[in-house]
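Trainee: Using the hints provided, position chains U, X, S, Y and G relative to the given structure of chain W.
Number of protein chains: 6
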Amino acid sequence: MSQVTEFNAYREKMNERILATKNKTIQKIYNVDHTTYQDGALPARTKELLGLVASMVLRCDDCIRYHIQECYRLGVTSEELYEVFGIANLVGGTIVIPHTRRAIEFWDALHAEEND
Amino acid sequence: MSQVTEFNAYREKMNERILATKNKTIQKIYNVDHTTYQDGALPARTKELLGLVASMVLRCDDCIRYHIQECYRLGVTSEELYEVFGIANLVGGTIVIPHTRRAIEFWDALHAEEND
Amino acid sequence: MSQVTEFNAYREKMNERILATKNKTIQKIYNVDHTTYQDGALPARTKELLGLVASMVLRCDDCIRYHIQECYRLGVTSEELYEVFGIANLVGGTIVIPHTRRAIEFWDALHAEEND
Amino acid sequence: MSQVTEFNAYREKMNERILATKNKTIQKIYNVDHTTYQDGALPARTKELLGLVASMVLRCDDCIRYHIQECYRLGVTSEELYEVFGIANLVGGTIVIPHTRRAIEFWDALHAEEND
Amino acid sequence: MSQVTEFNAYREKMNERILATKNKTIQKIYNVDHTTYQDGALPARTKELLGLVASMVLRCDDCIRYHIQECYRLGVTSEELYEVFGIANLVGGTIVIPHTRRAIEFWDALHAEEND
Amino acid sequence: MSQVTEFNAYREKMNERILATKNKTIQKIYNVDHTTYQDGALPARTKELLGLVASMVLRCDDCIRYHIQECYRLGVTSEELYEVFGIANLVGGTIVIPHTRRAIEFWDALHAEEND
Chain W
1 MSQVTEFNAY
11 REKMNERILA
21 TKNKTIQKIY
31 NVDHTTYQDG
41 ALPARTKELL
51 GLVASMVLRC
61 DDCIRYHIQE
71 CYRLGVTSEE
81 LYEVFGIANL
91 VGGTIVIPHT
101 RRAIEFWDAL
111 HAEEND
Chain U
1 MSQVTEFNAY
11 REKMNERILA
21 TKNKTIQKIY
31 NVDHTTYQDG
41 ALPARTKELL
51 GLVASMVLRC
61 DDCIRYHIQE
71 CYRLGVTSEE
81 LYEVFGIANL
91 VGGTIVIPHT
101 RRAIEFWDAL
111 HAEEND
Chain X
1 MSQVTEFNAY
11 REKMNERILA
21 TKNKTIQKIY
31 NVDHTTYQDG
41 ALPARTKELL
51 GLVASMVLRC
61 DDCIRYHIQE
71 CYRLGVTSEE
81 LYEVFGIANL
91 VGGTIVIPHT
101 RRAIEFWDAL
111 HAEEND
Chain S
1 MSQVTEFNAY
11 REKMNERILA
21 TKNKTIQKIY
31 NVDHTTYQDG
41 ALPARTKELL
51 GLVASMVLRC
61 DDCIRYHIQE
71 CYRLGVTSEE
81 LYEVFGIANL
91 VGGTIVIPHT
101 RRAIEFWDAL
111 HAEEND
Chain Y
1 MSQVTEFNAY
11 REKMNERILA
21 TKNKTIQKIY
31 NVDHTTYQDG
41 ALPARTKELL
51 GLVASMVLRC
61 DDCIRYHIQE
71 CYRLGVTSEE
81 LYEVFGIANL
91 VGGTIVIPHT
101 RRAIEFWDAL
111 HAEEND
Chain G
1 MSQVTEFNAY
11 REKMNERILA
21 TKNKTIQKIY
31 NVDHTTYQDG
41 ALPARTKELL
51 GLVASMVLRC
61 DDCIRYHIQE
71 CYRLGVTSEE
81 LYEVFGIANL
91 VGGTIVIPHT
101 RRAIEFWDAL
111 HAEEND
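Residue numbers (this note's numbering), protein chains in the order written: chain W, 1 to 116; chain U, 1 to 116; chain X, 1 to 116; chain S, 1 to 116; chain Y, 1 to 116; chain G, 1 to 116.
There could be a bad hint or two in this list.
Copies of the same chain are indistinguishable here, so a pair counts whether it falls within one copy or spans any two.
Okay, derived cross-link-like pairs now, SDA-like style, lysine to any residue, Cα gap no bigger than 25 Å in a straight line [to be verified]:
#1 Lys24 x Arg101
#2 Lys13 x His111
#3 Lys22 x Met1
#4 Lys28 x Arg17
To be clear, the hints were calculated from the coordinates, so they are not data collected in a lab.
All values reported here derive from a predicted model rather than from experimental measurement.
The following block holds chain W by itself, in its conformation from the complex:
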C-alpha cells in the first residue's frame, strides 16, 4: 500500500471514530474546518496554500500531507508549492527542514500514484 493510500485510510477511519464520539465541540470544529477552505474572497486554491504554510511552520506532518493533497487536487504547480516550502522554512527556520523532506516525498508519491 502506498503512503498516500495508507495516510488516507487511517485518516478516514479515525475521523469516523472521532465523530462517533458525538462530542459537540469536535463536531463543530470539523464542520468549520470543512467550510473554511471553500471559495470566498480568496479562492480555495490560495486557502489551501495558507493551510499548508500554517501546517509547516507548526510542524504537523499529517496536516502538511492533507493540505499537499488538496493542493495537488486543485492544480497547484510544483514551483508554487516549492515557494510555499521556501516561506515556511524562512519564517519557521531550519527546524522545518525535516518536515519539508517528508512533504516533498508525499508530493512525489501523489504524482507517482497518478502514473501507476
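Mentor: Below, chains U, X, S, Y and G alone, put in the same frame as chain W:
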C-alpha cells in the same frame, strides 16, 4: 505486541537509561514529575486531565499516551475524555486533530487490552 | 484604571470589532468557544482549569488572564490555582515562569478589585 | 505618534542596529527574507498572505504587523484579510484570538493613518 | 528607571510572590533552575549560552533578558552573543527577529548602565 | 540497517531532492545552515551544543539526531551531552522527555556503530 505494551516497554527501558546518566537536573525533574500528579488541593484525577490537555495542545503523542493511560487507570470516563479532547482542539486548533486520532486509538487500545 | 478593567475593556471592544467582520469561520469559532466551557460530563470549573493550563503551556498572557478570571468567578481557590501553575511549569518548562509571574499578578488584582 | 509610526520607527532603528553587528548568518537571513517575498511562481501578494498566516499561527505580533502592512501596501482587501484571520484561528486555535484583536487594531490604524 | 532596573525589580518581586505560594512543584523547579546553570561538565558560561538560545527559539522575551544578563555577568563578548543570535534566527526562523531586536536593545542597555 | 545509517540515507536522499527544486530561498537557507556552525567567535563544538538544545526545546527528533551526530563527531563527551539534555528538559519542560528518550537511544546507537 499491542501498541500499549510496546509504548510502555520502550518508555520504561529508556527512562531507566536516562536515569542511569545520573544527571542531577534530569533526576530532579523526574522526581518532581512523580510528586506533582498526586492528590493535593486538586485530586490526582483532575491533574491527569490537566496533564493530558497540556500534552495535547503542545502536541506530544507520547505524553498524550502516558496521561491517557493514567486517566484510564483513575477511572476517567469516555465522555470526560472527549471533553478534554474538545478543549484541546478548540484552544490548540485543528493542528491538534492528527494527535486526537492517535489519542483515541490509544484509548481504544487500552480498553481492548482489558478485554483480552 | 486597574489592569483587570483595562484588560476587559480592550478585550470586549476588539471582540466586537472582530465579530463585526462577519467572517463565518471566526463567528463559528467564537460560538464554539462559548459553548465548550459550559457544564457537561466535566463541570465548567474543571474546564476552566483545563483552558488555563492549555493557555499557560502555549504561553498566551491574554488567554491566561481570561481563564484566571473565569476561575475566580467560579470559586477556584488559590491552592487549586497554584497547582495548575505547578503543572503548567512542569510540563511547559521554565519558559512558563514569566507568564506565571504575570498570571499571579492578575489573580491578585482580581482580589484587590473586589476589596475596593 | 500612531502605533503604525512607532512600530516602524523601532523596527527600522533596531534592524540597523542588528545589521551593524555584521554577523554573517543574520545578514544572510535578512537578505533571503527580502528576496523571498518578491513575485515568483506565486505573486508577492499571495506570499504576504502566506507570511501573515504563518506569523499568526506562530503568534508573533510584530511579524503579524509587518505582514499586515505589506498586505495593505499591496492592496489586499479587508474581506481577504479576514479570511486569512479565519484560517489562522482555525488551524492555530483560540490561542490566536488575542493576536487577532491586535492584528485588526493595526489594520484599522493603517486605514486611519491614510485618512489623516 | 532603566529597562534593566525595571526588569529586575518586577522579576524579583514576583518571584518572591510565587515562592510565597509554597507550591511544592514550583519551589522544586526554581531550585533545579538555580543549580542547573552552575559549572559542571560544561562551564556556567556555556550553559547560559544554551539557556539563551533555548529562550530565543521558544521566543520568551523575559527569559532572553534574564540569560543575556547572566551572559553579560559572565563576560560573554558581543561577537559570541551575536553568534548565538545567528543560530537562534537560523533554527527558529525569521519569527525570532523581533525578539532579537529586543534582545540587542537589552544587551546595549546593560552596557549603557555600566557606563552611567 | 542501523537507525544511524537509515537516518543518514534518508536525510541525504531527500536533501538532494529538495535542492533539485532549485528554489532560491531553500538553497540559501541550506547554504547559511552550513556556514553558521563553523568555528567563529564560538567554536564549532559549542555551536553544535547550541543547535542541539534549540532542536530539543523545539522538539524536532530529526534535528536532534543531526546535531547529536555532529556532537559525536566533534568529541562531545556523554557528561556534556547529558547537561545539554538537562537544560533542554528544564527550559522546555517534561514535554521534552520523550524526545530525550529517542535522543539518548541515537547517542547510544552512534557508539554501538563505532564498535561494530
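Trainee: Of all the hints numbered above, which does this structure not satisfy? Sort the numbers upward.
Mentor: 3
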